[in-house]
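We have chain A already, so just place chain B on it with the hints.
Below, each chain spelled out in residue letters.
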Amino acid sequence: MLAVGLVLLLAAGLGQGTTRGVLREELLLRPLPVGDVAAVFQFRTRWDADLQRGAVSHYRLFPKALGQLVAAHGVRELHLALTQGFWSTQSWGQPPLGAPAGAELWVWFQDTVPDVDKAWKELSNILSGIFCASLNFIDSTNTVTPTASFKPLGVANGTDHRLLRYAVLPREVVCTENLTPWKKLLPCGSKAGLAVLLKAERLFHSSYHSQAVHIRPICRDASCLAVSWELRQTLTVVFDSFTSGQGKKDWSLFKMFSRTLTDACPLASESKVYVDISPKNKEKDLLEVTPTPTSVHEAIVQGDKTTYAVYDLLSPMLFNTSRSLNVQLKWKRPEDSSELSTPIMHAHRYVSGYGLQTGEISTLIYNTHPYRAFPVILLETVPWYLRLYVHTLTIITKGKENKPSYIHYQPAQDRKRPHLLEMLIQLPANSATKITIQFERALLKWTEYPPDPNHGFYVSSSVLSALVPSAIAMKNVNVEESPLFTSLFPSSDGSSYFLRLYTEPLLVNLPTPDFSMPYNVICLTCTVVAVCYGSFYNLLTRTFHVEEPSRGGLAKRLANVIRRLRGVPPI
Amino acid sequence: AVSVSVVFLPGSVPADLPRRLPYGDVREERVPVSCKSPAVCTARPPRGAWEALRAVPYGDTFLPRLSRVAPGSSVCWQSCLCSQPSLLPLPQGVNVYVGKHRSALVRAGQGLAILHARLQQLLQVVSLTASSIAAALSDRVPDGQLGPDAWRHLKSSLGYEITFSLLNPDPKSHDVDWDIEGAVNHYVQPVLDKLSLVANFSVDSQILYYAVLGVTPRFDKESSSFILSAHSLPHVINPVEARLGSSAASLYPVLNFLLYVPERSHSPLYIQDKDGAPVATNAFHSPRWGGIMIYNVEVPASPQTSLPLHVDVDMLRVMEVFLAQLRLLFGISREELPPEFLVESPGNEGLADWELDRLLWAHALENIATVSTTLTSLAQLLDQISNIVIKDDVASEVYRAVAAAQDAVAELAEGHLHSAFQASKEAVTSSERAFFDPSLLHLLYFPDDQKFAIYIPLFLPMAVPILLSLAKMLREARQNKKEPTKMD
Chain A
1 MLAVGLVLLL AAGLGQGTTR GVLREELLLR PLPVGDVAAV FQFRTRWDAD LQRGAVSHYR
61 LFPKALGQLV AAHGVRELHL ALTQGFWSTQ SWGQPPLGAP AGAELWVWFQ DTVPDVDKAW
121 KELSNILSGI FCASLNFIDS TNTVTPTASF KPLGVANGTD HRLLRYAVLP REVVCTENLT
181 PWKKLLPCGS KAGLAVLLKA ERLFHSSYHS QAVHIRPICR DASCLAVSWE LRQTLTVVFD
241 SFTSGQGKKD WSLFKMFSRT LTDACPLASE SKVYVDISPK NKEKDLLEVT PTPTSVHEAI
301 VQGDKTTYAV YDLLSPMLFN TSRSLNVQLK WKRPEDSSEL STPIMHAHRY VSGYGLQTGE
361 ISTLIYNTHP YRAFPVILLE TVPWYLRLYV HTLTIITKGK ENKPSYIHYQ PAQDRKRPHL
421 LEMLIQLPAN SATKITIQFE RALLKWTEYP PDPNHGFYVS SSVLSALVPS AIAMKNVNVE
481 ESPLFTSLFP SSDGSSYFLR LYTEPLLVNL PTPDFSMPYN VICLTCTVVA VCYGSFYNLL
541 TRTFHVEEPS RGGLAKRLAN VIRRLRGVPP I
Chain B
1 AVSVSVVFLP GSVPADLPRR LPYGDVREER VPVSCKSPAV CTARPPRGAW EALRAVPYGD
61 TFLPRLSRVA PGSSVCWQSC LCSQPSLLPL PQGVNVYVGK HRSALVRAGQ GLAILHARLQ
121 QLLQVVSLTA SSIAAALSDR VPDGQLGPDA WRHLKSSLGY EITFSLLNPD PKSHDVDWDI
181 EGAVNHYVQP VLDKLSLVAN FSVDSQILYY AVLGVTPRFD KESSSFILSA HSLPHVINPV
241 EARLGSSAAS LYPVLNFLLY VPERSHSPLY IQDKDGAPVA TNAFHSPRWG GIMIYNVEVP
301 ASPQTSLPLH VDVDMLRVME VFLAQLRLLF GISREELPPE FLVESPGNEG LADWELDRLL
361 WAHALENIAT VSTTLTSLAQ LLDQISNIVI KDDVASEVYR AVAAAQDAVA ELAEGHLHSA
421 FQASKEAVTS SERAFFDPSL LHLLYFPDDQ KFAIYIPLFL PMAVPILLSL AKMLREARQN
481 KKEPTKMD
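Going down the list, the protein sequences come from chains A and B.
Per full-length UniProt numbering, residue 1 is the first one in the first sequence, and the count goes up by one each step.
Per full-length UniProt numbering, residue 1 is the first one in the second sequence, and the count goes up by one each step.
Just chain A, same shape as in the assembly:
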């Protein structure tokens, strides 16, 4: 029933859509509790064409490279995120759109794809070419097929999880070379619209940077007889404005991006900047935004009432007074209490133990809701070279054992596939749940070590998916109208919202051999052999004969000199 409602809203929001496609760009600026500023860009391209049939080959707003990819490999849904840094939920609050450190790719394929593994391999290779990322390192040793954690976000008739592939490369470093191809997919590039702010040298001089591409089919109209394709390109960046702004929490667009906005992308049908000015701690008018926003929008986002100051770049009023838009935010008086409102759910993960033989992975999940319990799905992907002891799996909440209601465990195969552990755990109200599992470190073959093996081996973040109870009853808001990601994860009912969190990636040391050892051995043996050979050779080839001492040693000569001086005949 909700799906129908969603569809209605979609149709209402995009009534003007033509076959040419619709582009909408949004920027959300959100001051974070500790004084950082999060900027979230989202570019939505919607195309009313059926990519799947392969008949479409004439691209307008939708990028050709991605369209061909979707058509050629039978992709139903594609989600790729490249992230540098870690979103710390505890100090920054819930992420607008979570992503694990490194590269994450999950794809739903069509049920007509004959060989999903082959399509997955080819797809990751092509994506690696498109985004200049090392996605070609995705192979069977880091690919899993989760059963419960990832559901299709678009229109789907059936969720056969065998059509899903999920992989994370936690070692991946994201930098300018990944940003440039991402920007190239935008219809306006970085020449106009909100994308002019995306200046690589500022974006990567930040605490957190995450760029993502989401492709999914959505309903074209209310009847949902035809599908449209939606491409969302999102970019989240967190600036540490507190340290760069001499201890002040004030910020402006120019300070953060060293650019200002001058116009909207001419192809966009919507171009808006949202500034989160929701009153914290019931204190109003603590902050001041200049220039005056064109409108104020109220929405319920992630279970909390949020107020946005909206700047509509398409409205002619905005650029009447000044040629460029430089949104500024000033705090009227320094916020004395820096008390953090802890998010309802947050999690940590660490590795413990000593020595290089065994260890323990511990995951801590907190539910800070005062009175409501909720279930969470935990997905752990552990590489095969950490051999998990499943019998040591313990889940403890408030000192008591917590039995998961669903466990899916797929053991690893050496050099073939990783461990996959999925559990549905009930989190009681106001509790901390500790999940521990022990492992043994495997010895790798010497060619399997990556460069710099003493740095350690990464274990990808575990994924927490939950329906978190919301603080405020959510009305059936117009999903398409509200900014950013609320429309990507529609809420199932009014009392809870979907949240996906990623924990820290782990860095585990494996027993590492001394790689110069073979050469050292060769050198040492060779030297010994050479010395022996040399002495033998000398022994065999030299002739020995007794030699008469002719002039004597130094002492004798010295004595002779003295004797000569004294006039005594030499010895």
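Hints are supplied without guarantee of correctness; some may be wrong.
[To be verified] List time: in silico DMTMM-like cross-link candidates among lysine to aspartate or glutamate, alpha-carbon distance up to 25 angstroms: (1) 391/B - 353/B; (2) 330/A - 276/A; (3) 481/B - 547/A; (4) 482/B - 270/A; (5) 416/A - 172/A; (6) 172/B - 270/A; (7) 118/A - 393/B; (8) 184/A - 241/B; (9) 118/A - 160/A; (10) 155/B - 314/B; (11) 172/B - 240/A; (12) 332/A - 240/A; (13) 118/A - 397/B; (14) 305/A - 270/A; (15) 416/A - 360/A; (16) 183/A - 241/B; (17) 183/A - 397/B; (18) 400/A - 448/A; (19) 416/A - 175/B; (20) 199/A - 276/A; (21) 121/A - 393/B; (22) 391/B - 426/B.
[As the list claims (entries may be wrong)] Partner residues aside, some chain B positions facing chain A, computed with beta carbon under 8 angstroms: (23) 171; (24) 181; (25) 206; (26) 209; (27) 210; (28) 454; (29) 457; (30) 464; (31) 469.
Hints listed in this document are in silico derivations from the structure and should not be mistaken for laboratory results.
Beta carbons are placed, not taken as given, at the ideal position from N, Cα and C, and that holds for glycine.
The following block gives chain B in isolation, referenced to the frame of chain A:
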């Protein structure tokens, strides 16, 4: 080999034609192609052969009969000869009329010699010439021997991707729309259907915004327009190409056709050739890459028109240029026709049968040359690394490639173009598969010189006493020579 059957119209039989019909005559012509690798030189130059089948007493009915000559698997030409000008519907001064299919009308005098000469000319036009062979083998011919045209042709491949891109660098002023689907169906698809014998084609299109040329055009005061001069054209493509993107779906070479709508501040924009005259089509092509056409938008008289200005591209004008460029890139241009020749327009298909024959021929030739180069370099690799492992499947691919190549050569000699082309395609596929087999990677094998480097710690200290004693022996020998035999 090209076999030409000649049908004489009544009253046109040359006096010195032997009485006995059919009468045959074979002409052979060698085309010298100097090659780098000797294997390539086995490519057969085409021979001209003709035979006069019979003198037909048909009157005006020959034209329908001629056009019915089956597009068989072998190249078979039919020529009609006539000495009476009134019988042939040819304009004055035109002596040879080449039809859409494999037929031609030739007006010859009474002598057999003139007939020979005319047929020779005809064969020059419709069959492979020395220059087109050289173009097909351009990669294997030493530099400096080829004209610029030889480099223009696309290399033979199993498939091609054709991408039409509309570049709109100024979406604020121009809202450009093109009916590319319709244009492709109307103008491009018939040509590609005809060409589908040669390769697989896929067509797609895209619109790119804010894509600018790499050169700032010069303002010309006289015509109050902007000018791109010919010498700056090579710099135009690079920044655009970065935006074009490569195809995700296949590995075939891409042919790019760009339609550039100049910015409002730079329009109208015209291309000037080397002499300074504007190019009529306002387009240029880049060899083996594609073509660019500049499409100027008429500036409305009143400056009050609201921007963006909606522009619908006239696809007929654009596709005329792009199709001409496509023909050029495939090397099916009509080159240097003798003055008394008239060639029938190929119509909507854009390609006459005999042109397709020539293309097939050239591609088959090029494929065979590619196979021989690939296999030669594979053999060289095997010579270099003695302990390389050739798996059975690689070996069978090599055998298959050699067999198919020989097959192609034989079929080509017979004149069976289609089967020769198919065989050459198979040969290319097999040889490439063998050459690019992952087990044949050069780096998989440990080079010998590095093995020696590892054993240097052994060899170096062992060499020291040997060298020292050698030096000592030399010194002693020299001393012995200086003071010969001083025995006690």
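Review point. Looking back at the hints listed earlier, which ones does the structure fail to meet?
Key: 1, 4, 10, 11, 17, 18, 19
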